[in-house]
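Visitor: Listed below, chain by chain, are the residues.
There are 2 protein chains.
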Amino acid sequence: MLNIRYEKTTNPKPLPEKDNPLKFGTIFTDHMFAMNYEEGKGWFDPRVVPYQKISLEPSAMVFHYGQEMFEGLKAYKTDDGRTLLFRPNKNIERANRTNRRICIPEIDEEDFLQAIKAVVKMDEAWIPTKPGTSLYIRPFIIATDEFLGVRPSSTYLFMIILSPVGAYYPEGLNPVKIWIEDEYVRAVRGGIGEAKTGGNYVASLAAQMKAHEEGYSQVLWLDGVERKYIEEVGAMNIFFKINGTVVTPKLNGSILPGVTRDSVINLCKHWGLSVEERRISVDELLEAAKDGSLEEVWGTGTAAVISPVGHLRFEDTVLQIKDGGIGEISQKLYDTVTGIQLGRIEDPFGWTVEVQ
Amino acid sequence: MLNIRYEKTTNPKPLPEKDNPLKFGTIFTDHMFAMNYEEGKGWFDPRVVPYQKISLEPSAMVFHYGQEMFEGLKAYKTDDGRTLLFRPNKNIERANRTNRRICIPEIDEEDFLQAIKAVVKMDEAWIPTKPGTSLYIRPFIIATDEFLGVRPSSTYLFMIILSPVGAYYPEGLNPVKIWIEDEYVRAVRGGIGEAKTGGNYVASLAAQMKAHEEGYSQVLWLDGVERKYIEEVGAMNIFFKINGTVVTPKLNGSILPGVTRDSVINLCKHWGLSVEERRISVDELLEAAKDGSLEEVWGTGTAAVISPVGHLRFEDTVLQIKDGGIGEISQKLYDTVTGIQLGRIEDPFGWTVEVQ
Ligand SMILES: Cc1ncc(COP(=O)(O)O)c(C=O)c1O
Ligand SMILES: Cc1ncc(COP(=O)(O)O)c(C=O)c1O
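If you read the sequences in order, they're chains R and F.
Taken in order, the first sequence gives residues 0 to 355; the numbers are from numbering that gives the first Met the number 0.
Taken in order, the second sequence gives residues 0 to 355; the numbers are from numbering that gives the first Met the number 0.
In short, the hints are calculated from the structure, not lab data.
Just so you know, these numbers come straight off a predicted model, no measurement behind them.
Be careful, since some hints might not be right.
[As the list claims (entries may be wrong)] Footprint (simulated), chain F over chain R, 3 or more residues, beta carbon under 8 Å: (1) 20-32; (2) 58-68; (3) 137-145; (4) 154-168; (5) 184-193; (6) 203-213; (7) 223-230.
[To be verified] Over the 10 Å line for every Cβ pair with chain F, so calculated as not near, a few chain R residues: (8) N2; (9) D44; (10) P45; (11) P130; (12) K268; (13) E275; (14) D315; (15) Q330.
The C-beta atom is built at its ideal place from N, Cα and C for all residues, glycine as well.
Chain R on its own, in the form it takes in the complex (with noise of 0.2 Å):
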């Protein structure tokens, strides 16, 4: 239990405009959670404080040898002023999970979980109501040792910061076409793919410049082995429905393991459709495109929630998924996820956690 302490901003933002549509990521709220690391003494001085700046020396590991990590998740308001976070529990273990892969010590679960809730009680007023919007909550850590060389930090920064957000994709639920990349490779087994760290978004920067060029809004990415097998999207894992079947890439180490990827697998599950986490080759894709067994692609992320997927592009081939519009089951999804998170239907599986 964090015995917090709380400073109010004497001087609050204005809200964002209702009628103004959000962008994702630029807004950030009046308050943010913040906690210091120190070897020997651990996590102290949880607090929830201004939205202000950090200041850092320029000697700060951070800036040098990244080790850093962050976590994304939401919190919605109900219609009838409920505040909801998402499976929050699931975000706080793979943040552990990404702590001990990048040697950033680990926060108690419960802890976390407080801390969330603090800064987004405090900040309740700035969860936007209107359809496809939420409060984005980027938890992060980095490291802040003044010290040039390589070994993991001894002190660290934690902090919470908010954002009032709309649809992560200029396409909101309109199909994004999709680059899958054949020269560039963002993450390799026994590397830190799997690991929420900013060092596997830098690797994938070339490659979407690439794809954005190209007309393509995403990267699919191929396995950095054999280069032949489906990997992830740039901040989103892929589901293929073929032939009835839902699959997607099995989690191997090199991915990361989605808390909205882990969602979809359970509703289809729960609604008796069968799916399979196995690996799955380009070529077998562009088989069932061939032949008309691939019936629907889907990207599933916090940000983007359910993306269909309405063009992939491999080399010279383009595959037009049906009709190039949304597919039934991603519909269908994005509905039944946004309206668990919204508290709108049923919540079978006890995903959603109320702040008080």
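Since the structure of chain R is already known, use the hints to place chain F with the ligands on it.
Guide: Leaving out everything else, chain F with the ligands in the frame of chain R:
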């Protein structure tokens, strides 16, 4: 040509005491160089200012997506009081190669060199002169957009900080023990391994901790695809003398093209040694150790210059290299490279650049 603005510190720190042995990367000088970038405007406001904290929004992209790069080179004081840089243009070229790979705007090479010279000149008095010491120069760039979402930043901060340093490894020129890693992977072809960016270093921490626990000071990485070919050490390239021939892994896209590596290759060739840049499997190495043809092993890097390797361990096999002492070529390379760096011996390649 940069129009550099100068602001001198009014509060100079005491120089490190001459008799205290310098550690690596813990003390910083009185000034730093800084310059900003904005899309549409380019790099602007080049300045040499007092060493000071950086103040960033918690949403600054560098804290989340790892878009950061760095370089490392050194300045030396000659016996007649001149200040020399060692092959700065190689670092500057590599910096721009890193920049291209991770979508950071390039910096004009002449401007870059001018910036290094300007700040080194300002803090020239900080260059230590004891044997084995030097002024370590750390240029780095961080992404500063206040934005959550994966894309290249549109604003950056470029800085150069300076640190008077002693030996990088506590061992100094004494042979280090190196652990050949068979579980974790640092980088893979198609990834960011040849770029000098934080993501590669964070990926190395867990293996480094494991090696430390076993009494080894550094990790030698294998390739990410077959996990069988030698790549490089945590912060050094690696060389072997096998049967009279100097062998080093060829630049394959996943290892850093070291400046010291290049210098060592040139020196060895200059001395008439046969040098091969090629793939070397761990099996070949074990064989060579067994039949006695593995004559010498050393690492090369700006921080350590030349670091003789006395022991290698791969899984359950421990290899002692010859008598575990400093090899003949290692010693000659160390003497020659540092001799050139300090302006004490002839510089046949024109590697040193004077700061005037
Ligand atoms: C690389 C990557 N894959 C997948 C996901 C989807 O994970 P989640 O559903 O937990 O948001 C994300 C985003 O969080 C991601 O960054
Ligand atoms: C991963 C890695 N390999 C090799 C080197 C050696 O390169 P250089 O000789 O340019 O210092 C370094 C250090 O710079 C490094 O970080």
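Visitor: Give a verdict on every hint.
Guide: Right, here's what the structure says about each hint:
no., hint, in the structure
1, 20-32, "holds (count 5)"
2, 58-68, "holds (count 9)"
3, 137-145, "holds (count 4)"
4, 154-168, "holds (count 4)"
5, 184-193, "holds (count 8)"
6, 203-213, "holds (count 5)"
7, 223-230, "holds (count 3)"
8, N2, "22 Å, holds"
9, D44, "16 Å, holds"
10, P45, "16 Å, holds"
11, P130, "20 Å, holds"
12, K268, "30 Å, holds"
13, E275, "26 Å, holds"
14, D315, "19 Å, holds"
15, Q330, "24 Å, holds"
Every hint, counting from the list given before, is met by this structure.
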